[in-house]
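Colleague: In the order they appear, the protein sequences are chains A and B.
According to our numbering, the first sequence is numbered sequentially starting from 1.
According to our numbering, the second sequence is numbered sequentially starting from 561.
To be clear, the hints were calculated from the coordinates, so they are not data collected in a lab.
All C-beta atoms in this analysis are idealised placements derived from N, C-alpha and C, irrespective of residue type, glycine included.
Worth double-checking, as some hints may not be accurate.
Going by beta-carbon spacing under 10 Å, a handful of chain A positions derived as facing chain B [as the list claims (entries may be wrong)]:
#1 SER459
#2 GLU463
#3 ALA464
#4 ARG466
#5 ALA468
#6 ALA470
#7 ARG472
#8 ARG474
#9 ASP478
#10 ARG485
To give an idea of the chain A side of the interface with chain B (calculated C-beta under 8 Å), a few residues [to be verified]:
#11 ASP62
#12 SER467
#13 GLY469
#14 SER471
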Amino acid sequence: MRAMTLAAFPRALTIFVTASAVLAPLSLIFYQSFLSAPFFDARKTAGLGAYAFIFADSDFWDASLNSALIATAMVVIAVPLGAMLAFVMERTDLPGKRWIEPLILVPSFVSPMVLAFGYVVSAGPVGFYTVWATEFFGGAPWGIYSLTAIGVIAGLTHVPNVYVYASAALKSLGSDVEEAARVAGASPFRVATTVSLPLITPALLFSAVLVFFLGFELFGLPLVLGDPEGHLVLSTYLYKLTNKLGTPSYHLMAAVAICIVAVTFPLVLLQRYLLQNTRKYATIKGKAGRMRELPLRAWKWVAGALIGAWLFVGVIVPLSGIALRAFVSNWGYGAKLSEVLTLEHFQSVWEEPTLVRAIWNTILIGTIGGAIAVACYTAIGFSTHRRNDGWSRFVDYLVLVPRAVPGLLAGLAFLWVFLFFPPLTPLRTTIFSMWLAYTVVWLAYGMRLISSSLLQVSSELEEAGRSAGASRGRVSRDITLPLLRHGLLASWLLVFMIFEREYSTGVYLLAPGTEVIGAELVSLWQGGAIDVVAALSLINVVLVGIGLALALRFGVRLRD
Amino acid sequence: MAELTVEDLHLAYGTNPILKGVSLTLDRGEVVSLLGPSGSGKTTLLRAVAGLETPNAGRIRIGDKAVFDGAAKVDVPAEGRNLGLVFQSYALWPHKTVFDNVAYGLRLRKVSGTDIRTRVSAALDQLSLLHLRERFPHQLSGGQQQRVALARALVYNPPVILLDEPLSNLDAKLREEARAWLRELIVELQLSALCVTHDQGESLAMSDRILLLNEGRIEQQGTPQEMYGNPATLFAADFMGSNNRLPGRVTEIRDGAARLEGEGYALWGRARHGVVSGKDGTAMIRLERIRLATGPGDNRLEASLTTSMYLGDKWEHLFHVGESRLRAYGTEPLAAGTHWLEVPREDLWVF
Numbered sequence: 001m002r003a004m005t006l007a008a009f010p011r012a013l014t015i016f017v018t019a020s021a022v023l024a025p026l027s028l029i030f031y032q033s034f035l036s037a038p039f040f041d042a043r044k045t046a047g048l049g050a051y052a053f054i055f056a057d058s059d060f061w062d063a064s065l066n067s068a069l070i071a072t073a074m075v076v077i078a079v080p081l082g083a084m085l086a087f088v089m090e091r092t093d094l095p096g097k098r099w100i101e102p103l104i105l106v107p108s109f110v111s112p113m114v115l116a117f118g119y120v121v122s123a124g125p126v127g128f129y130t131v132w133a134t135e136f137f138g139g140a141p142w143g144i145y146s147l148t149a150i151g152v153i154a155g156l157t158h159v160p161n162v163y164v165y166a167s168a169a170l171k172s173l174g175s176d177v178e179e180a181a182r183v184a185g186a187s188p189f190r191v192a193t194t195v196s197l198p199l200i201t202p203a204l205l206f207s208a209v210l211v212f213f214l215g216f217e218l219f220g221l222p223l224v225l226g227d228p229e230g231h232l233v234l235s236t237y238l239y240k241l242t243n244k245l246g247t248p249s250y251h252l253m254a255a256v257a258i259c260i261v262a263v264t265f266p267l268v269l270l271q272r273y274l275l276q277n278t279r280k281y282a283t284i285k286g287k288a289g290r291m292r293e294l295p296l297r298a299w300k301w302v303a304g305a306l307i308g309a310w311l312f313v314g315v316i317v318p319l320s321g322i323a324l325r326a327f328v329s330n331w332g333y334g335a336k337l338s339e340v341l342t343l344e345h346f347q348s349v350w351e352e353p354t355l356v357r358a359i360w361n362t363i364l365i366g367t368i369g370g371a372i373a374v375a376c377y378t379a380i381g382f383s384t385h386r387r388n389d390g391w392s393r394f395v396d397y398l399v400l401v402p403r404a405v406p407g408l409l410a411g412l413a414f415l416w417v418f419l420f421f422p423p424l425t426p427l428r429t430t431i432f433s434m435w436l437a438y439t440v441v442w443l444a445y446g447m448r449l450i451s452s453s454l455l456q457v458s459s460e461l462e463e464a465g466r467s468a469g470a471s472r473g474r475v476s477r478d479i480t481l482p483l484l485r486h487g488l489l490a491s492w493l494l495v496f497m498i499f500e501r502e503y504s505t506g507v508y509l510l511a512p513g514t515e516v517i518g519a520e521l522v523s524l525w526q527g528g529a530i531d532v533v534a535a536l537s538l539i540n541v542v543l544v545g546i547g548l549a550l551a552l553r554f555g556v557r558l559r560d
Numbered sequence: 561m562a563e564l565t566v567e568d569l570h571l572a573y574g575t576n577p578i579l580k581g582v583s584l585t586l587d588r589g590e591v592v593s594l595l596g597p598s599g600s601g602k603t604t605l606l607r608a609v610a611g612l613e614t615p616n617a618g619r620i621r622i623g624d625k626a627v628f629d630g631a632a633k634v635d636v637p638a639e640g641r642n643l644g645l646v647f648q649s650y651a652l653w654p655h656k657t658v659f660d661n662v663a664y665g666l667r668l669r670k671v672s673g674t675d676i677r678t679r680v681s682a683a684l685d686q687l688s689l690l691h692l693r694e695r696f697p698h699q700l701s702g703g704q705q706q707r708v709a710l711a712r713a714l715v716y717n718p719p720v721i722l723l724d725e726p727l728s729n730l731d732a733k734l735r736e737e738a739r740a741w742l743r744e745l746i747v748e749l750q751l752s753a754l755c756v757t758h759d760q761g762e763s764l765a766m767s768d769r770i771l772l773l774n775e776g777r778i779e780q781q782g783t784p785q786e787m788y789g790n791p792a793t794l795f796a797a798d799f800m801g802s803n804n805r806l807p808g809r810v811t812e813i814r815d816g817a818a819r820l821e822g823e824g825y826a827l828w829g830r831a832r833h834g835v836v837s838g839k840d841g842t843a844m845i846r847l848e849r850i851r852l853a854t855g856p857g858d859n860r861l862e863a864s865l866t867t868s869m870y871l872g873d874k875w876e877h878l879f880h881v882g883e884s885r886l887r888a889y890g891t892e893p894l895a896a897g898t899h900w901l902e903v904p905r906e907d908l909w910v911f
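Chain A with its partners taken away, still in its complex shape:
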């Protein structure tokens, strides 16, 4: 019996640490929201004053409405486009699919902050494309600072989120149902809209909820694009609260945070429910036969043109803008590209020690931090692997919790944790604080990677180890872990990219010692340092690109 309690110890420790890391920050936000002043203020009293204040603030209601409008627009734009894109990529003979696929996923790997900035320098009032269009055609019929524009851009950049789920569902669908429709006389477009896509309704429904949820998390895009015309969404309202009162209004921020979580948490639970349904649906269909591609013939021009247009607007415009802006000293009407080329922005990055540290820290947090995060996720994965008890179900739900807390709030909550618990305070100005916040924010994502790798290990391989005489721990070490190797490497690369891309979590944790590129971008953008932002953005894109190239080189599946 003693041996058994000893063997259970690492598991208990893993669950305890995970629960603390997940629940402590959230409880602190909750607690803070019912105080009248910051929790470290001696004059604080308990009450609902914070909620009363924000509910009386018309800006709060404007921001809520804007969040809902943008989230709805994103669903309306991203779901149909993502679904059609998935159909074309998965089921038709469109040429060049192999190299289009990674391009489609690019927007989901580039920081939204960088993308938003890219749109400003490309399509803003004096952006590259605006200037070129005005010079050629005498005018550029677009603006990017209106609420509509923010909704459209957010919708277009979230197409990949729909695409990955729709294409996974289409993969599990036999091609015979499509061939039957073809034989009955349907064109490829009819096949898609009347047969294939209706059959994957559960997956589309799930991605619609996901995109709607992501709409409420949106921070970088509305921060950059909403500023000129003063459009606020919930997250930017929270961010600007600090400036509003001039004093640290932690209780108000906490109240807004709780309001956001009150919207996002039910959405996360709904996603979980729908996802289980999707899986059920997929297994009922059983094994798809050999997949045959639908010949597009003349339709391929239509499909190709649509994909090309989307890639141009969603990927090429923002990224080319950043790449150009990083190398020009200034830009506007009348500027000649050949005369303004320069490397001085990179030089100023290089001469600024905090920025060099930011780059260095970002690389560290992605590589070493990513590896440690994957190790933590693996430990949590093992604590529930092949165990169907109450603790496993608890961990299952526990890892979902951070998913409902947008990075901006999580960063804020961790800042408070480090201030609240004196033993942790010295770590506050080390990169550890940033790493901890990143690891918890991406817990659900990481756990999905790990558990899908764990599922690939057949239970019989482990049972064979048990009956050969190996204890549970020994089986994990000698059999499960070695078989997981490729999955862990893949997870590490994906977590690396995610950590390079992350920006909102670091906003409140940014301090001398914890600089990372993502958070620096937000802070520099607020300060108006466009040139440096352009150079740093490009460096950030290059870092993510290296991860992407490695992932493609090692054949890592970029989606689950």
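Using the hints provided, position chain B relative to the given structure of chain A.
Modeller: Same frame as chain A, now just chain B:
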């Protein structure tokens, strides 16, 4: 001496009972088959013995050591039971070579390096696998993988070896060869083996004793000859062999024999337990026991030939008697029309 004893084992998944009180013993050097249709609980029983499923009640003893006792709250984990288990899928570890797969159990038992080499080599040699020892599982054929799985389970000399559908992953022709080879190996090494199978032919050929499971209970147990030649229940008779069934009414019972009358026939057969005169009954006879006759006689019936199928070594004839179908083997093709069939009294069972 009993190497393995299972007493009154109960196991349920939630509210769904899988095993409803199963008992069995396995003596040293004996091969016992657990036979039954899918869902009968045979694999669950094997896994419970291995320690991979936790029963709700009952006792399991290996030798004189209790490894599970529901009442005394004893539950030795799988790794503490020292059994050899061969999985249906073989479950060879893909990241280990053949040698390392087989050596793993010895390494866990802290056997010294040189001993491991000699013992693994001996085990591999015995199964003619020695030349493959550096290969990985994916480089082996199905038959070779099966032998590696067996070597892996045998190498540390477990008192009992458990086999879960050991032959079902092999193709039909290989399966018959492997069956003979496995039986030979078990006898040669004097292994005590518990073997799960759903194939009655395999269980007849491989085992010293058969336990027939039906819906979580043991329907009948006995030697292969008893199981095939003297089934106690309709289920047992029907599960083994290829059979003809004739429905009818029991009209008379005398000296352990029962007379069954149906549309177009009245036959005497051996009365099985529970047969009552005046009630409906079912007569059952193995295909190979029906003989073609030249004319009317004792326990014969007249049937019209529907068609004949050529099987290579014999013919299978299809007859109709009233609403019932009868199948019988013959050495010659038959002319169309009606024929007389003899149903020997001692080979016909009435349930």
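Colleague: Each hint needs a verdict: does it hold in this structure or not?
Modeller: Hints, verified against the model:
Against a cut-off of 10 Å between C-beta atoms, the interface hint on A:SER459 holds, since the closest Cβ of chain B lies about 9 Å away. Hint status for A:GLU463: holds, given a least beta-carbon distance of 5 Å to chain B, under 10 Å. Taking 10 Å as the C-beta contact cut-off toward chain B, the hint placing A:ALA464 at the interface holds, the least distance being around 4 Å. Evaluation of the A:ARG466 hint against chain B yields a held restraint, the C-beta minimum of about 4 Å falling below 10 Å.
Hint status for A:ALA468 relative to chain B: holds, with the closest Cβ pair at about 4 Å, below 10 Å. For A:ALA470, the suggested interface contact is upheld, since its CB lies about 5 Å from the closest CB of chain B, less than 10 Å. The beta carbon of A:ARG472 is positioned within 10 Å of a beta carbon in chain B (closest approach about 8 Å), and the interface hint is therefore held. Among the interface hints, the one on A:ARG474 holds; its C-beta lies about 7 Å from the nearest C-beta in chain B, closer than the 10 Å criterion.
Interface hint at A:ASP478: satisfied, since its Cβ lies 7 Å from the closest Cβ of chain B, which is below the 10 Å cut-off. The beta carbon of A:ARG485 is positioned within 10 Å of a beta carbon in chain B (closest approach about 8 Å), and the interface hint is therefore held. A distance limit of 8 Å between C-beta atoms decides the matter here; for A:ASP62 the minimum to chain B is near 52 Å, and the interface restraint is violated. For A:SER467, the shortest C-beta to C-beta distance to chain B is roughly 4 Å, which falls under 8 Å, so the interface hint holds.
The closest approach between the C-beta of A:GLY469 and any C-beta of chain B is roughly 4 Å, which is under the 8 Å cut-off, so the hint is satisfied. For A:SER471, the interface hint holds, the least distance from its beta-carbon to any beta-carbon of chain B being 5 Å, beneath 8 Å.
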